[in-house]
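Student: Residues per chain, in single letters:
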Amino acid sequence: MKEITNKIKETATRLFKEGQVDIFMAWTKGDLPFQTKPYFARSVDDVDNIIFDEYSIHNLSGTLLKFRDGQEKIGIVVKGCDSRGVVRILEDNQFQRDRLYIVGVCCPGMKDPLVAMKNYSGFNNKNSAEGIAAKCLNCTTPNPVIYDEIIGEEQPPHLQGERFEQVNALENMSYDERYKFWADTFSTCIRCYACRQVCPACNCRTCIFDEMKPQWVGRENNSTDNMMYHLVKAYHMAGRCIECGECERVCPVNIPLMLINRKLVKDVNELFGSYEAGMKYEEGAKPALSVYNVNDPDNFL
Amino acid sequence: MKILSKTRLENVFNKLNETAEVFVPMQRGEQSGFYPWQTFAAGSDKLWLEALNVYLPPKNVVFPQTERMYNIKQEGQDVKIDETYEDSKSRVIFGARACDVKGITCMDDVFLTRGYEDSFYKARRQATTIIANACYAPGIACFCSAMGVKYVDPEGADIIIRDIGDGYVWETITEKGEMLTARIADLLEEREVTLPEPKPFQQDVNYDGVAEKLKGMFEHPLWDKLSQTCQNCGICTYVCPSCYCFDIQVKMYGNEGYRFRCWDSCMYEEYTREAGGGNPRPASKERFRNRFLHKLEFFKERYGHPLCTGCGRCTVVCPAGISIVKIIDAVKEADTDA
Amino acid sequence: MHKCNCEQPLVPIMVEVIDIKEETPDVKSFFVKNIDSNGVPFNIEPGKLAMVSHVPVGEGMFSCTWQEGDEYLQFAIKNVGLLTGELHQIEVGQKLGVRGPYGNGFPVQDCKGKNMLFIGGGIGLAPLRSFIKYCFKNRADYGKIDILYGSRSYADLCFKEELFELWLQEKDTRVHVTIDNPEEGWGGHVGFVPAYLEEINPATENTIAVVCGPPIMIKFVLQALEKMGFSDEQVITTLEMRMKCGIGKCGRCNIGSEYVCLDGPVYYLNQLKQLPPEW
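Residue numbers (our numbering), protein chains in the order written: chain A, 1 to 301; chain B, 1 to 338; chain C, 1 to 279.
Be aware that one or more of the hints could be misleading.
[What the hints assert, rightly or not] What follows is a set of in silico ranges between Cβ atoms, one per label pair, in the way DEER data are often shown: (1) D224/B x V44/A: 49 to 55 Å; (2) E178/B x Y235/A: 51 to 57 Å; (3) S90/B x D48/A: 57 to 63 Å; (4) E54/A x P215/C: 45 to 51 Å; (5) A41/B x T206/A: 40 to 46 Å; (6) C6/C x R99/A: 56 to 62 Å; (7) A330/B x Q109/C: 43 to 49 Å.
The hints are simulated quantities; they were obtained by calculation from the structure and are not laboratory data. By construction, the Cβ of each residue, glycine as well, lies at the ideal position given by its N, Cα and C atoms.
Please put together the full structure from these sequences, using the hints given.
Tutor: Dropping the structure here:
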C-alpha cells in the first residue's frame, strides 16, 4: 500500500507540475487509524497529504458531479468499482473524458472506516466484522476498467461463492414474505438521501425526489412514501447500477440496498441478454434499458 | 440515596407504561435508538442503557420526523379544518445522555421562545418527562463538555440516574420528575453508595471564541476547502440531537387530507429554493457553510449557546469523514488578517 | 371581528375570496374577508407578511398589498410556481387559509416628515403599495412622494389605474413609469429602473428610498442610490426568502442569525450590511 501511495503521489506531483490537472482526487488520513476519507489536492503542496491504504474505500467518482459544470481538469484515483462509476458518468454524458486523468489502482479489497467508526464509537453494540468490507466481498471487478495509467498488480475477483445467492433467497420467498421483508426494511429508512448522494448513477440535475411541480413522491416518513422512494430509485438503477455498493455502505440504518440493486442486475441480464453496466467506455454507448431493440422482451408489460 | 436496582428496570418500565409511552434505548436489528417499551421484542431487541449512546437520538419523541398538524376537508369551494392534532399523550424518555437532553432544550429555545410558541411541539414537550442517564466515560467521538454540556449532571432533565453497576442512583430534579418518581417509589430502595469517578475526554476540543471569530469569517476561503468533499446528504442533520429544521407539506386523498410537517435538511438544494427558481444557497459550499455557522455561530447569537451538543454522532456517520471537531479546529487556526 | 390564532400559530384561519382582479397576465389580486363576512381575520400593517394557503395545495408567504379597514385584505400574487399557479385558477367564493401577520413591516412611524421615494420593479410594487397607500391615507405626515416603477412591458405593469390616474391626483406626488423595451402605443419612458432612477436624479435631502423588485434590479438600484448620495440609513428594502412556518422556527429563511420571516422582511441598508451577504 505504501508503494501504491508513493506512486499515486508521484503521478499527482507530475500532473500538477505539467499543468495537466487543477484538482487531484484521492484520499487522506483522519485522526483515527481507520479514518481514511476523500481528499482533493489543489496543488503540489497538497500532494503529501494523499494516502492510499486499506481504508480507501470511498468511491470518488460520484463527486465528479460537483465539477460537471466547471472547466477544471481533474485527476482521479479509481479502484475497479470506482472506475465503473466513471464510465457511468461518461456514458450518461455528465463529464468530458478529456477533462479527466484517471489513475487506476488494482484493488486488493478494502475495509470500511464507517464500520470501524461505529464499532469504536460506542453507538452500536452489534459490532460488524472489521475485515474486508461487505461490498468488497461481492466484488467482481477489482481492476479498473478505464484509466490513463494503472498502478499495482492485477487482482482476482474478491467474490467468493454465488453472486446472486441472496437474490435467489429473496426470489424463493413467498410474495407475502417478500413484501413483509421489504416493508419492514424500508420502514427504518430516515430519508437522508445519502444513498442517492453517493451514487454515481444518481446524476440527474433535478432529482425526481426534489421535484415539487408535480411532487412525485411524498415527504412523509411512512411506509408508503419510503417504499415509493426506494422503488423509484431502484427502477432508475436498472441496467445502470455499477455495483460499487456505496449506497448500502453509507446507509446510516443499514438498509440492504444492494440486494434490490443486484436483483435488478440479475433481471436485466436475464431479460436483455448478458449486460454489465459500466464495464467499458465507448463513446455513445448506452445502458441496456436506454436502447430499443425489437427483440426486447415485453412479456412483463 | 434512592437506588433503582437493575433487576427492577423492567418493572419500572412496565409500571410507567401503564400511563405513558416509555422510550428506552435499545439495539434493534442493525440500529440503535429510543424505541417504545411496548414494542420491545425480547428475542430481537436488546435493552441497552449501558451504551455510550444510541445511534438515533430521542428528539423524535418531542419532534417526530413526520407529524400531522390538522385535517383538511374540501367540498367545491368550501374548505374546512375541523381537527388539529396536538399530541399531549404522556411520554417518558428513559436514559437519555446529557448531550441528547441538551438537544431537546435547544429545541425548547426554538419552539417555545422568541415571540411564538409552537403548539404542536409544546403539547408533546409538556407531556414528556425526561430521565437522563449521567455519563462517566466519554467515548472517542464525544466532546460535549467543550460545547457547555454537563455530562455528569445533565441539565434539562426531570430525573437523573447514575449507573453504579448493579443499579442506578435515582435523583429527582423537577416537579414533573417527582410525579413520575411517586408512581414507582415502591420499586426504589434506600442505600448509600459511592459514585464513580468521571473519566476524562478522549479528544481535546476548544470552542472558546469560535462563535465570535466566525462572525468575520463568512467569506473566508476555508469554507471552499472544508466543504469540497461533502456529499450533501442529510445523515448529519437527521442523526443530530438538536437539528430541528422542518418542512410543511400537504397530503390529499381526493377531497380529504391533512397538512403535516416533517424533518428537512439544510443540506438539500430544495430547502431554500424559491418558487420562482432563485436560491440563496445554491451550491454545496453555501449549504455546508450555513449548517456549520448555524451550529457554531448563528444559534449562539440568537439563543446564547451553540446548537451543537458535542454528541459526536455526525463525526461518526459522515461518509466523507467530515467532522465538526475539525471545523472548530480549522476556525481556531484560520488566518483572518487577510 | 379579528380571529387570533395565537394559540396555534401554524393553523390557518379560513377566509373567503370576495373578489379577484387581474392586474397583469400573470398577476392577480385576491381580496379576502372572514367567512361570516364580518371583518378581516387580523390587522396587518404595511410591509408585513401573511401566509396564504390554498389549503389542499400548499402555503406561501406574501406581503399584504393592502388592508382596507374591516373590508378586506388584498394580496397581489404572481403566478410563478405550484401554489401560485393553483391560486390563479380559483374563483370568487373560494375558501382560503391565512395566518399572520408576520414580520416587522415598513417603518411608517420613522418615515414621518420625510420625502418618500418608492422604487419598484415588476411584482415588487405589491409590497410597496401598502406603504404608498398608507402615505396617501396619512398624507400630512409625509413630504413629497416619488414613485418609480418599471416592468417588462405595458401589460406587465401592476395597478395601472393607480399609476396612471389615482396616484397622479395626490398632492405633491410624481409617478415615473418605465418599461424595458419600446412598444407600439407606449409614449412613456423606456429603459431599466436603475438607469431611469439616475435620469430622474431625485434629491437626497430628508428623503427615504424604499426599494422592492427582482434581486438584479435591487442590486443596481442600491448602487445608483449610493452614487446619488443616499446614505445607508436612507435606504429601505424588503427581502424575499423561501418560508414555511413564518414564525422563526423552521429554519430556512435565515440570513446569519436573523430570520427574515420574523425579524424582517424590511431592512434598512445599514442593517442589511451587518448581515452575511446571502440575500
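Student: The structure should be examined with respect to each hint, and the outcome stated for every one.
Tutor: Here's how the hints hold up against the structure:
1. D224/B x V44/A: 49 to 55 Å: Violated: the Cβ-Cβ distance is about 18 Å, outside 49 to 55 Å.
2. E178/B x Y235/A: 51 to 57 Å: With a Cβ separation near 56 Å, E178/B and Y235/A satisfy 51 to 57 Å, so the hint holds.
3. S90/B x D48/A: 57 to 63 Å: holds (59 Å)
4. E54/A x P215/C: 45 to 51 Å: Hint holds: Cβ distance 50 Å, inside 45 to 51 Å.
5. A41/B x T206/A: 40 to 46 Å: holds (41 Å)
6. C6/C x R99/A: 56 to 62 Å: Because 57 Å falls inside the window, the suggested range holds.
7. A330/B x Q109/C: 43 to 49 Å: holds (46 Å)
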